[in-house]
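Undergrad: Everything in the sequence shown is counted per our numbering, starting at 17 for the first residue and increasing by one.
One should not assume that every hint holds.
Stated by the list, open to error - FRET-style restraints, in silico, Cβ to Cβ:
#, residue 1, residue 2, range
1, Ser214, Asp183, 15 to 21 Å
2, Ser390, Asp178, 54 to 60 Å
3, Arg216, Ala195, 39 to 45 Å
4, Ala41, Asp183, 22 to 28 Å
5, Asp197, Val69, 31 to 37 Å
6, Gln368, Gly113, 41 to 47 Å
7, Asp197, Gly315, 55 to 61 Å
8, Asn131, Asp349, 33 to 39 Å
No lab work stands behind these hints: they were computed from the structure.
In this text, all values refer to a predicted model and were calculated from it rather than measured experimentally.
Heads up, the beta-carbon is just placed ideally off N, CA and C, and yes, glycines get one too.
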Amino acid sequence: MKPIAITPRPLETRVPDLGVGLWAAHAPANDMLTAQLDALRPGHVDLLVDLRVDDEIDTLESVLSLFRGRECQLWLYLICDDDAPQAGLARLAEILGTEAEGISGMLLTPAAYLNSYQPDGDWPRTTTPAALVSQARRYWPNLAIGGGFPTYFTELNRCRPDPSTIDFLTHATSPIVHAADDVSVMETLESLPFIFESARAIAPGRRYRITTSAIGAWTNPYGKTITPNATLERVTLSDNDPRQRALFAAAWSVGYLAQAIGRVDSLTLSSIGHPFPIAEPAARYPIFDVLRRLNIGTGRPAMGVAEPLNCLAALGWQTEDERAEFWLANLTDETCVVTVAGTRYAAVLDEQTNPSASALRDWPLERLALCNESPLTLAPYAIARLEITLAHST
């Protein structure tokens, strides 16, 4: 790969709100959940709860207690019974109260609508998403109620909400719906701007949230089950993709944020616990270190490049009048050499600094070293965090 020269420039937008997902069905014990939240410091958590399952409602109550006093928004993504959702909603209302204190918003989805249907196909004849929006309004008149699905844009596009009835639009994405090889997965990043533009057109003026997205699939809207993957292969529609534990997912996530800046209001990447874990009890994955630091950029003036490259993700944010934090991610399996104008200090995360082998409180991306615009060598899927001087960015 030829050497790459980059000149960061300010963008007329801000870094979107960044957060992490959490499944009530797979939530870790409170001590581990607390430890990960304290270290990660996400701006929000998207919590998926199936109201048909008593244990998940119990977990919701536990999470609500844990979140009291925490500076982290909690958004609920709720799966409801198709025929009789009222029982689950009534129980939820007992827990939340009319004001739903501590909840930033919610999406309600009838269970049948987790499946995908052809536009002219046989759609469910049970409770509709629109009906759940109306019911939620009666219980929580002052709460932000969303439209969309916790699955993918395809499902949203085939069952569009009335934008006048919702406060935000939401869906997830998965890079392993159609193909699962490394090149194809990275290439899905190139499609994101078109997805974002199409979704925005469905509900102009409404807040646009991308809910939990990662290298994997927590459900399969197009078949009966997700793909079993005990042998950790690269397969489509699996909730156990080996790349989630590797540098690959960390680089992909940087690439995702680079595409999301200026296009979405809120972005949720990976999860605490299954299905898209960022850590395990004894170690953490590279994506944990990356998300932990990227969360600091939430809401800050964004930085980018004039001509984005498919092989290299580049993004950042202004930290002071004349300084910025800038990020690079090698999106290929080839080593690349990059020079970034204005670079003063740099830290690199690659196989040599993989945090899974580090002490719990050792953060490789915090170890900035003097660079002074020297070329950076990025191994496959390596990530670099830079401190740059904006006097060089015009």
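Undergrad: Could you run down the list of hints and mark each one as holding or not?
TA: Evaluated hints:
Between Ser214 and Asp183 the C-beta distance comes to about 20 Å, which sits within the given range of 15 to 21 Å. Taking 54 to 60 Å as the suggested C-beta distance range, the pair Ser390 and Asp178 conforms, at roughly 55 Å. For the pair Arg216 and Ala195, the beta carbons lie near 26 Å from each other, so the given range of 39 to 45 Å is not met. In this structure the supplied range 22 to 28 Å holds for Ala41 paired with Asp183, their Cβ-Cβ distance being about 26 Å.
A hinted range of 31 to 37 Å for the beta carbons of Asp197 and Val69 is consistent with their spacing of about 35 Å. At about 51 Å, the CB distance of Gln368 to Gly113 disagrees with the hint of 41 to 47 Å. Evaluation of the 55 to 61 Å hint for Asp197 and Gly315 yields a failure: the beta carbon distance comes to about 36 Å. The hinted window of 33 to 39 Å between Asn131 and Asp349 holds, with their beta carbons roughly 35 Å apart.
Hint violations for this structure: numbers 3, 6 and 7, all remaining hints satisfied.
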